Every structure is written in structure tokens, then in C-alpha cells.
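With chain U fixed as given, assemble chain Z onto it according to the hints.
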Amino acid sequence: MAALMNNTAVYDHHADATDQLRETWRSPTGLLGWFKHVNHTKIGVRFIITSLVFFVLGGILALLMRLQLVAPENTLMGPELYNQLFTMHGTTMMFFFAVPAMEGLGIYLVPLMIGTRDMCFPRLNAFGYYVYLFAGITLYVSLFAGLAPDAGWFSYVPLANIEYSPGLGVSFWTTMITFIEISALTAAVELIVTILKQRAPGMSLNKMPLFVWSMLVMSFMIIFAMPTVMAGSVLLALDRTFDMQFFVPAGGGDVLLWQHLFWFFGHPEVYIIAVPALGIISTVISCFTQRDIFAYTAMVLSLVAIGFVSFGLWVHHMFTTGLPQLGLSFFTAASAMIAIPSGVQIFCWIATLWGAKIRPGVPMLFIFGFFVVFVIGGLTGVMVASVPFDMQVHDTYFVVAHLHYVLIGGAVLPFFAALYFWYPKVVGKQMSEGIGKWSFWLIMIGLNLTFMPMHLLGLQGMPRRVYTYLQEMGWGDLNLFVSISALIMGLGFMLTIYNAVVSRKRGQPAGSNPWRAATLEWATASPPESFNHRHLPVVSTLNPLRDFDDKASRPCVAGLRADRREVLITTVVDARPEAVCLLPTPTLWPLLTALSVGFGFLGFMFKPILFVVGFFLTFACIVGWLWPHKPWLNE
Amino acid sequence: MVSSRLKITLFGYTLTSLSLLNGKAYASQSKPLRQSALDSVSAQSQGIETLWWWMFYGFGAVFLLTIGLLFFGLWHHRRQLSTKASFFLVTAAGVVIPLLTVIALVGGSLTLGHSIAAKPPADALTIKIVGRMWWWEVHYLHEDGSVAATTANEMYIPVGQPVKLLLTSREVIHSFWVPQLHGKTDMLPGRTNATWFTAEETGVYRGQCAEFCGSQHALMMFTVRAVPPDKFRTWLATQQQSARLPTNAQERRGQRVFMENDCGQCHRLRGASASGTLGPDLTHFGSRSTLAAGVRPNNTGHLAGWIADPQKIKPGNKMPATLLTPQQLLDLVAYLQNLK
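Which chain is which? The protein sequence lines are U and Z, in order. First residue of the first sequence: 180, per our numbering; consecutive thereafter. First residue of the second sequence: 698, per our numbering; consecutive thereafter.
Since the hints were made in silico from the structure, they are not lab data. Quick caveat, the model's predicted, so the values are computed rather than measured. By construction, the Cβ of each residue, glycine as well, lies at the ideal position given by its N, Cα and C atoms. One or more of the hints may lead you astray.
Quick list of simulated restraints, FRET-style, between CB atoms [stated by the list, open to error]:
hint, chain 1, residue 1, chain 2, residue 2, range
1, U, Val759, Z, Ile800, 51 to 61 Å
2, Z, Arg953, U, Ala410, 50 to 60 Å
3, U, Lys536, Z, Gln743, 45 to 55 Å
4, U, Gly430, Z, Glu957, 33 to 43 Å
5, U, Ser508, Z, Lys1015, 35 to 45 Å
Under the rule of at most 25 Å between Cα atoms (straight-line distance), these lysine-lysine pairs were calculated in the PhoX-like manner [as the list claims (entries may be wrong)]:
hint, chain 1, residue 1, chain 2, residue 2
6, U, Lys386, Z, Lys781
7, Z, Lys1037, Z, Lys825
8, Z, Lys781, U, Lys536
9, U, Lys608, U, Lys730
The shape of chain U in the complex, shown without the other chains:
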């Protein structure tokens, strides 16, 4: 393999070689061609755009709920619709916005950042996207048909079981949740293998950008967390369809089993969303201060620690279920413990920012927003880790406030920072700074005025998930205030989305590295060419672009063929070149496979036998997908 890597290789700029490379990695054009795309840049952008569409939809649902709660005993909507709205809001934001948005960022950025041409299983990537898209469309069709699930995003049994939710609604939930987790798992597998096996030569684990570390931790968490909710929703589907009684006390089942299965996934889920955000924050701070993040090793270790500890917290969602006190106290300690790795992260950033001359820019504004909002959410999180206090505020608006501070602060604000930061790379144009600032301040004002009073509403006794409340409870004024503030926040979010849409045409051309950032994705053109890096880079520091400012002096890999999709495989720890891997080409099979799997899942809701039909269809598609092409015959 030594011949592959040549530190003295010079850049050859033969136009014909570049053209050949471009042609090899080109995505097919035309409508049919659009469905054949497998390149990670294409799939990543699709994930991000689709997730933003669901973000807007979920936001609209939230505003409709706020409209209903604007006054006591409002008759705008009845309990059926309201219960569907809050179920769909939670399901959308968790499963259809936050996780896919973060995965989309990873899918788009990780190969560019680690200096490779594509992810290891490009077709699986495309398959994962279609699964996500179909699951989302199906769920929203059910909403418009008035058949949406209405048992909450947590679908507690027995309420979600067939006896108390006889319609199709909860069936949509169980099947679509199982279905979309396939997508999360494919993306996780993809990210793990790509990160561990395709890093640029020399990018040993201790020279890997923190963003890539956060994606690696997120992916491992997905692999351990998602199967439990899939298992749970399959058991629930079996209960509902075949009366298996896993969760029916009269039949020997147990209602708490569901809660354990759900929250063993549900709590790590929060950190699955927050961990990539930590990577975004490190990247943006490092770029805007032009400094290394203080204590790289401590940052990586605290990321990994958060990943591990997050699996030991799930029972803090069940403090009021009557479990023994001694058992609960372990979960109090573990839940509060997460403050330590989080504290390390926050103060490493503060140490990095200390005395820094920060360049102005919207991404950094959103990061400052993160500090304020996330610290509040984190502290109320430590509060609810206390069993006695949680007994008062559990399932009240206090928790609604807490979780929105954590998720908006810990995921949405960093994600918006990422949008402003990487938009020039993806589109080639800068987003408007002016609109960005307006958007930021509206979001900050709106979200604090929306969620801060909710803490008080919760302490004053207002439970969650109520479609109305009596005038005599005295919650009317605060609710009116919250509803108006929510509108301000919604306006702020919409401004950024508007900004992203209009900047495609109107934005200033960005150039390849507008922020003077130090990681490899900025070495490519904006937007990147189909092959990403013209020459696969060789890395020797954490900041390859800063430390090798002169482009011509950057060492690179030579010897990969331009006439077929070749990527370099390197060793897990040291990233020494190991092999060349041939990646598959664009094809329709991922789409067809996703359709067959979707058919099986949807069919199961109506006639269980259709699941078997879907299974065989999927099998046929996988045969087509894996049909050997014998590239060696072309030699």
C-alpha cells in the first residue's frame, strides 16, 4: 500500500483527468435520474431539506395548539384534534426533524471533513432517505385524513392498546416508528463505518475533528437505543393486531414494561440529538476564534461519557410510577451526574472564548444563544432529577418548559448555527447577515417569553397535554401571553428558512472557504464537485487548512483511479492506508427496496399477510440491488 501514499505527490491539474473523475462520480440527471442518486452530498441535502419541511410542519402544529390554549375553555377544537396535534408535534419534532436533521448534517459533512469521496454504503444511504421520506408522508397523510395517532408521542399502554385506541391512528404510529428507525439505523451504520475506515491517511483518531467525534458517538448511541423502541413498537403492534397481551395486565402483561422499553430509547434520544450539536458548537467556536478548542482530549472524553451515562437515566421519566425509592435514587444520581461532562464541555468552550477576538457572524450569535438557553434547560434538568421535586412537576408545563429549553437550546439553535455556517459550502452563496440577525433576536426573545412563563404555569398546577382548562384555574393570562410569544418565535424560525430560500439566488458568492475555517470540507469547491476532493488529502494535524495555508504544499494521495468510484480504506486508529474500495454506482434499487419495505409495513396495518408479501418483494429488490457487476471484466 505504500505506493498509494506519496507525501511528495504534486497536484496534477490535467483537465482531462479532472473531467474523467467528475464524470465517474456524476449523479444522473432527469426525473428518473433524480431517484437514482446515491452520492452523500445529494442524500445529505435531501435529509436536511426534508427535515426542515417537517420542522415547519411540526411548528405549525404547535402554533395551532397555542391557538387553542389562548383562552380558557376555548372551543376552537375538541379533544380529538388537539390530542392528534400534540402527538404529531412530538413525533414530528423528535423522529422526523431532530434526528434526521443531525444525520443529514453528518451524511453531508463527514466524508468531506475526513477527506474521502463518498460514504461506504452509498446505496444504503439512499435507501435510508426514502424510508424516512415515506414514513413522514404516510404519517402526515394520516393527519390530513383525520386518522393521526392521538395517544401521545410516547404511546403509553394501555391507552395505546387496541382496547382504548381502536382506530388506525396508533397503528400508524407503531408501524411508522418501527419503519423510520430503519432509516436512523442505516445512517448510523453508515457513519460509523465511514468514520472508522475512510479517514484521510494520517487522520488518526486523535486528529479527528470534534464534529466527526460527535457524529461517531451519536451513531453508536443510535445503534444501542433505537432497537429498544423498535422492539417495543413491534410488541405493541403484535398486541394490537394479534392480541398477544404483552402489555395487558389481565393477560399477565405489564404496563410498565412499555415505559421501560420506550424510555430506554427515549432518554438517549435526547442526547442523540444534543451530541451532534456539541460537535457543531466546537466547530463554530474554533473557527470564529481561530483557536483550537481547549483540551481536545477532555472534550472527546466528555462526549463519550455523555453517550454512556445517557443510557443510565431512563427511569427519571418514571419517578411517579411507584418504583422503589432505593432504585430511583440511583437514577437521581446518574441524571445529575450528566452535569459534569456537560460542565466540562461548556467551560472548555468558555476557556477557548476567553479574551478571543471574535469575528462577527450569525453562526456565532446562535452559539451565544445556545449558552444562555441550554444552561437554563440543563439546570432545570438537574432539578427534575430530584425525585420529590419531580413528583410535583412531572407531566406539568414545568417539564414542557424544561424540555423545550434543552431541545431548542441544545439542538435547534446549534443546528441553525450550522445552517448559517455550512450553507456557503453547500450552496456556494452566503446567507444574508441582516435577516440572520433579525431571525436570531426574534427566536431568542420569542422562545424565552414562550417557555419561561411555562415553568410558573407548571408550578401553579397546570398539567401537560390538556386541550383546555377552566377559567377558575387562573391560568388564562399567562397562556395568552405564551401564545403570543410563540408567534414571535415562529416568525424568527421562518425568517431563517426564508433566508435560506432567497439566498440561493441573491446571496453573495462564498468562495471555497469564506470563514477561513481549518477543517477539510473547506478545501473543496463550494458547492463541492461530485468527487469532493480533487486529490484525497493526507493529514498530519488537527487543523489541516490552517497549518498548511499554502494549497500547493498540502500533501495528498496519488494513485486512485479516476475511471471508477474508488475510495481509500485506512486503519481504524492511525488511519494508515490499507486498501482501495470500489463503491457502487447510482441505481433505482434503493428506491424500489424502500417502496417494498414500506408496502410491507403499511400493508401490515390493514392485512397482516401483506407484510409477508412485502418481505418477498424486499427480498427480490435486494437481489437486484446486490446483483454483481463484475468490474474486473472491464480491466
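Chain Z only, in chain U's frame:
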């Protein structure tokens, strides 16, 4: 409790001082319905309230320290921290302070949790409450565990005497919550959870279901009346009796309406031929202050409106509308109100 009122107001003012509306929100503090965790009337609830104020001030300080350090570092310095100083900052503020906070919190909350979860005194009055969709079935138990009296949606408890609750559910999960007396405890089908508290002040406290339980989760409420022990004993003695017989012609006509319209299929009248268990026991319905699980005051107008069209007030609840002539309706209401 004056000082805690003041603290609530201060807290609310801090949180929403930008709001012009907030003055109005607190002007109505003396509203008739009380359901606030910041207005505790039992040792359990008081302990949690104290813990909350400690955390509020303590964590408020942590928040100010963190954000203060961030902006102090940005505004007042022009040089990068040395590695040694950075290390000190991260260790002190990122490890030691959170660790101390966590130890204090875990210690405090375990101590409080231990005292709350301790076994109730042997002389505790035992009440069994069953969560239904969407109302509360309340059984007062004798010491041997047999049922002394059954009522619904309104509980009387003696002030100064420990009350032990056995909580379970028939259909789906509910959660029993009277913020002024204690935190919530879930009611799970197939399991019985226990909790206890002692009300220290007479008063009327509101409670509400705190676990999402289907379409009428929002309006599944109840009332707890803490009364002096002698008054409680009188009340319980009344509740143990059979349903009162009609005393005049109108009530007799009302009783006939009750029987002819099969109200007894779902409702129970002890001592009369009505023994349904799908809906609340109505034996002493006239003595209750609210109807439809705390949704409306129990008076002639609301009761007649409820019987005529229960789905309007609480859509999705299990009680069907009853088609009656106005006279029949008035007779029925008169009969029910007589069931003191």
C-alpha cells in the same frame, strides 16, 4: 403562607417582568380554586416547596456564574488564558462546582425523599381511589380493609390526621395529584401504589389527573376538602347511609325518571335498585359541590345542562345524552339534589 405568596409573586415578576399582562395574572391570586405547588398545606408538599426555592436560588447563582464568566472573559480580557488558567477554570467551574451541586442536590433530595416515602403512621385514615375514564372512584376503607363508604370526585379529609391513599386504575394509566398536599403518584391498572400526607390547614384543594389518559384527560379533576375531624366524622357517617328517599311529589317523579331512563345501568344508588359501576356512585350526589369530575358547580342550571347534553361540556365522555321533557328534567334534578 404569606411569605410563600410573596415569593411566588416575586418569582413570577422575575420571569415575566417584560409582560404587561403579568400584573393581571397575579391580581387574581385570591381566586377560589387552589391548585398550586407553591401554596403547600402539608409537610410533604412544604418540603418539596422548600427544596424548590433552594434549587431556584442555588441554580440561579450557577446560571449567573456560568453566563457571567462567558461574557466577562469575552469583554474584559484581550488575551488568551494560559493553559494552566484554562485548566483551573475547567476543573473548578466545570467539574468541582457541578460535583458539589450534584452532591448537595442528591443528598437533599434523598433525605427529603426518604421522609416522604416513610411508612404512614398506623392510625392513618385509608382511602382507596380508582382512576376511571375520566373521573375518580373514591372508597373510604375500614381498618380491616373493607369499604365503609363510596363516593366520587370529591373527598373529605380530616385536618391534622394522616391520610393514606391506595391508588389504582381500572382501564388506563392516570396520575393522582393534589399539588398543595403532595406530589403526584401514578395509578396503574394491575398495580396499587400508596402515598400519604397530612393536611395542616382546613380548605378546599383542587386536584387533577396528571398522566395523559385519553380524550378527557384535561377535564378529569376533583376536589379535596380538608375539614375539622368532628365535621369529617359527621360527613363520613352520612356517606355510609343509603340514598335518601324522596320527600315530596316532585322528587318522587324525579326518582321515577331516574329509574325509567336506566340511569341505574351505570350509576349506583345504595339502598335503591340502581347498582351500575360504569359511572360515579350517586348515593350522596346532592352533597357534592361539583359535577362531571370538577368541571361545573353542582347547581340546578349546570346539572340540567349536563344531563341534557353531557357531550357538549366534556366531549368523548361515556355518559349519553338523555332525552327528557323540561318537566322531567327539573324533577330529576330536584331528586338528585335531594340526595344529600
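A quick look at each hint next to the structure:
Taken as a hint, the range 51 to 61 Å holds for the pair Val759 of chain U and Ile800 of chain Z, whose Cβ atoms sit roughly 54 Å apart. Remark: the range hint 50 to 60 Å for Arg953 of chain Z to Ala410 of chain U is upheld by a beta-carbon distance near 57 Å. Separation of Lys536 of chain U from Gln743 of chain Z is about 52 Å and conforms to the stated range, judged on CB atoms against 45 to 55 Å. The hinted range of 33 to 43 Å is satisfied by Gly430 of chain U and Glu957 of chain Z, whose Cβ atoms lie roughly 39 Å apart.
Checking the proposed 35 to 45 Å range against Ser508 of chain U and Lys1015 of chain Z shows it holds: the Cβ atoms sit about 40 Å from each other. Only pairs whose Cα atoms come within 25 Å are accepted, and Lys386 of chain U paired with Lys781 of chain Z is accepted, the gap being roughly 23 Å. For the proposed pair Lys1037 of chain Z and Lys825 of chain Z, the alpha carbon gap of about 22 Å is at most 25 Å, so the pair holds. In summary, the hint linking Lys781 of chain Z to Lys536 of chain U is supported, as the alpha carbons are separated by about 20 Å, within the 25 Å threshold.
For the suggested pair Lys608 of chain U and Lys730 of chain U, the alpha carbons sit about 22 Å apart, so the restraint of at most 25 Å is met.
Consistency note: the structure conflicts with none of the earlier hints.
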